[in-house]
Every structure is written in structure tokens, then in C-alpha cells.
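Based on the provided sequences and hints, a complete structural model is requested.
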Amino acid sequence: MVFIEAYGVNAHFRRLAERLAEAGFAAIVPNIYHGHVHPYSDQQHAIEHLKTLDDTQVMREAEATLDYLENDPHVSGLPAVLGFCMDGRYAFMANAEHNQRLRAVVAFYGGGIAPQQDRLGRKPLLDRVPEMKAPLLLQYGSADPSIAPDEHARIVETLGRANKRYSLDLYPGAGHGFFCDDRPSYDPDAVSQGWHRTLDFFAQYLGD
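The numbering of the sequence shown is numbering that gives the first Met the number 0, which starts it at 0 and goes up by one.
Any given hint could turn out to be false.
In silico DSS-like links for lysine-lysine, alpha-carbon gap of 25 Å or less [claimed, not checked]: (1) Lys-163 / Lys-122; (2) Lys-132 / Lys-122; (3) Lys-50 / Lys-122; (4) Lys-132 / Lys-163.
Just so you know, these hints were derived from the structure itself, not from any lab.
Treat the numbers as computed from the prediction; the structure is a model and nothing was measured.
Dropping the structure here:
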């Protein structure tokens, strides 16, 4: 299950689903924007749309997506979640909300997980860490102005205190959105490393 960025289910995420399929995974992208797509040049409206999302509703839609995967005869075993940007946060949340149904969680530059004060008004998620069960891989760019190193530290401390299985990778010089080849912050070196880390992580935890 692939969670989107703040811009909707666009061409980038369609290509990403195809890329996952080519790697041998069944991939599904919940359309939590219900058909709305914002161009990368229109950050203002994308952020305004993001602010309208309700965490409870998004988790219901994630549950429906997991139900669909569970009933698909071509899919076996418990699934993983892969999330980006705002939905890196939702991937983190799903690890708590649907903790009996996931085998691995990967989040790229998930904002709003542990800020001291979230600029978009979202609720931080560190209080959900005790509920988490699936191993977690967090991937960040060191030049991401929206997610400061002190937030990484709070996440690591909380996961460690709760005795959770996790890894946190930091890519020097990479900015926010570095994985998307349609954004100015695209960083091919960080993408190559992050993609291989993701596939290795899935291979480790999604095997029979």
C-alpha cells in the first residue's frame, strides 16, 4: 500500500506503483484525495487540501485498502506500507492503527510525526509508538528544511525507549521530496540508495 504526497495520485505515483510491480510486488495507491490532483507548481493549494484531511477517515480508507489486498487472490501474506511526505506520517500512523495487519513500514521524509509544533496543525504521533508492531524504515534528506534534525532525534529516542525495530537513514544534501523525479528537489543518488534500501527492507520482512 503506497501513500501519496500532498499533490494527489499523479503520474509519479502511477509510475512508482508500476516500478513496485516490476520488482515483484502487488502495489495499490489509495486515492485519499478522491480524484483531486495538484501540480507540483501549486504548493499552496496542495497544502490547503492536505489541511482538510481527517486522520480517522484516512485510516478508514487505509483499512478498506488492506481489506482489498487481503481478498485479492494474487496477494499472499501480510502487506507493507510505503509513504511519502504527508503520507510518510500516515504510514507511521498506520503502523499503530493497523498493527495486526502490517509486516513492514517505510516512510520517506514523513513530516508531522514529531515536531515541537506542527506548522500545519497536525497532531504529532509519538504517543502511538507503543502500539506499533511492524519494523520501520525512516528515510530523510539532511537538507530538508521542513523536518529538522531534532525531530529525527525525538523519533529515534521514542522508538528506542519503546523497544521497537527501526532504522533511520539520512541522505546528505538531499532535500524534501528528493524521491520524486518531477520535483526540483529530485536527487538521483539519494533515490538510488533509498530505493535499494526499501527493496532490501521489503525482501527481509515480506518473505514467506
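Okay, the hints, checked on the actual structure:
As the CA atoms of Lys-163 and Lys-122 are separated by approximately 21 Å, the hinted pair is consistent with the 25 Å bound. Among the hinted pairs, Lys-132 with Lys-122 is consistent with the structure: their alpha-carbon atoms are about 21 Å apart, no more than 25 Å. A threshold of 25 Å between alpha carbons decides the hint, and for Lys-50 with Lys-122 the separation of about 11 Å falls inside it, so the pair holds. Simply put, Lys-132 and Lys-163 have alpha-carbon atoms about 7 Å apart, close enough for the 25 Å limit, and the pair holds.
Comparing the model with each numbered hint stated earlier shows that all of them hold.
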